[in-house]
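Generate the whole structure from the sequences, applying the supplied hints.
Chains as they are written, first to last, in our numbering: chain F, 9 to 425; chain Z, 2 to 176.
Just to be clear, a hint being listed does not mean it is correct.
Stated by the list, open to error - If you want a taste of the chain Z side facing chain F, the calculated C-beta under 8 angstroms gives, among others: (1) Arg13; (2) Phe15; (3) Pro41; (4) Ala47; (5) Met64; (6) Pro80; (7) Lys81; (8) Gly120; (9) Gly142.
Keep in mind the hints are simulated off the structure, nothing from the lab.
Ideal Cβ placement from N, Cα and C applies to all residues, glycine included.
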Amino acid sequence: MSGPSTYVPKSALGRWFESRLPIAGLIHGSFIAYPTPRNLNYWWTFGGILSFMLVAQIVTGIVLTMHYTPHVDLAFASVESIMRDVNWGWFLRYAHSNGASMFFVAVYIHMFRGVYYGSYKAPREVLWILGVIIYLLMMATGFLGYTLPWGQMSFWGATVITNFFTAIPLVGDAITTWLWGGYSVGNPTLNRFFALHYLLPFMIAGVVVLHVWALHVVGQNNPDGIEIKNVNRDAVAFTPYATIKDSFALVCFLILYAWFVFQVPNYLGHADNYIEANPLSTPAHIVPEWYYLPFYAILRAIPSKLGGVIAMFGSIAILAFLPWLDTSRVRSGKYRPMFKIFFWAFVLCCLGLGYLGSMPAEGGYVIAARLLTTYYFGFFIIILPLLGIFETPKPVPASIADAVLARNGGAAAQPAE
Amino acid sequence: MATSSTVEPTRRDFLFIATGAAGAVGVGAVAWPLISQMNPDASTLAMASIEVDISAVPLGSIMTVKWRGKPVFVRHRTPKEIQEATSVPLAELPDPETDKQRVQKPEWLVVVGICTHLGCVPIGQAGSRGDYDGWFCPCHGSQYDTSGRIRRGPAPKNLEVPTYSFLSDTKLKIG
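In structure tokens form, the structure reads like this:
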């Protein structure tokens, strides 16, 4: 577990190849010998789960394109033919549509994990921002993909989202016409959304490479938020320790995924999307996919069109500034008694906004959405900067090994090596 | 060459700037087709106007026609509805416009059936026309009056009046 330089290929052919393209050494250094903190808990397995979900979405997505037709007159029928005629088509489509949901389940857990344990703090700011970019690309990809079946929710979801751009002063209408390729969402829109939906996952894969690269430069954070000081005491090798733990967590996650695909494949979807798109009739109650609901609630909480759109995009953009908004010198929430309370209130706030996003925008729902929107922004702009000043953190152990030994009842007073 | 302290630009400086400028123009010239291809194409622009026969629209009802992929409401207004539209003080309107500015013949209101908030189609069936007798948008609750003007809700503007003209008493050209 001492880093990449120790790798020596066993065979003569391996040595010949390694001296020309050291890819085996790179993999060995990144995923086998790589030192990983010995105190990682199961919240740290979601990076691996997300990698799996990206591959699963790309594989199921590519085979679905072999049967899908991106044309307003044919798209809906081609999706139905995937469901009824194509061999295993129902399975591939349900795996893909529920896969998107599972991807977002995993990314939200991964993000909240990062917030709780302060994984965005120096020196991991770039790592965190790359993650925010991946999340933005995921949101765009999910939205584009949801348009493709050309059902009522596809069409009206696409209409509402693209209309966000009409809120831009002066050039808004021209930009929206340019995005549509017409005067409303139509065939040119569907065609380009299909092209972009195919493209973006590969862009995500590219940013994931940068994300993992940045991670391996600064090293993993861990539940105690202490850097590895002594590789032999504080770390274990990525393989077998992290690989096995990640694999076990992935299998548990796949059980949940399979339950959705095989037992309740339409639970997270919307019945209106089994009605073909009709540009002359809007469904009575438009809701986006569940993973956008908190942002949809923020959009509707602001009683002005431009203001709502700014607040919605701002609620995502503010994540990129998190490393500088949190002023506390202690990294992990484990040693921050007040932060813990505000963090869990923030989690509840996001869940509450999600619930309100699915409800009609009227009466008490709007008032509640405004309160929660205030807390959402307040958490970033007021609470986090002030907590660093007013909170008294608990004492942080001197090293990861000390933290682990203290937790297991052993004396923390082991002699340092 | 960088050691020279003279301020006088050299021939090489000129060549650097000229090459860079030519490169930037070249990149721009190639980028423009890639951006412009996303704007409405010739076939979309060719569909830009339609003719509508309005003789079959009874008094008090609304016909919906499709123009540029969007619904257009052609409303045959009753005297009561015209009265409602003309009697509102401008000060009460979020987007002040008189009814006269929005119609060519008082009995015919022609508006694009797209809510100016986020693009849903407002509902205009009798009985669900909202508090102002016009249209009600089911998405986010905007209410329009009998002149298609926004009265309440998140929409910032009145329903758009498309370019149209009467070819005869019963024939309308939209676009």
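We went through each hint and held it up to the structure:
1. Arg13: Constraint on arginine 13 of chain Z not satisfied, violated at 37 angstroms.
2. Phe15: 37 angstroms, violated
3. Pro41: This interface hint holds because 5 angstroms falls under the 8 angstroms limit.
4. Ala47: Because about 12 angstroms separates alanine 47 of chain Z from the closest Cβ in chain F, which is outside the 8 angstroms limit, the hint is violated.
5. Met64: 12 angstroms, violated
6. Pro80: It is violated, given that the least Cβ distance between proline 80 of chain Z and chain F is near 28 angstroms, above 8 angstroms.
7. Lys81: Hint violated; lysine 81 of chain Z Cβ to chain F Cβ min 27 angstroms, cut 8 angstroms.
8. Gly120: Glycine 120 of chain Z check passes; min Cβ-Cβ to chain F is 4 angstroms, inside 8 angstroms.
9. Gly142: Interface hint status for glycine 142 of chain Z: holds (6 angstroms vs cutoff 8 angstroms).
Checked against the numbered hints given earlier, the structure breaks hints 1, 2, 4, 5, 6, 7 and satisfies all the rest.
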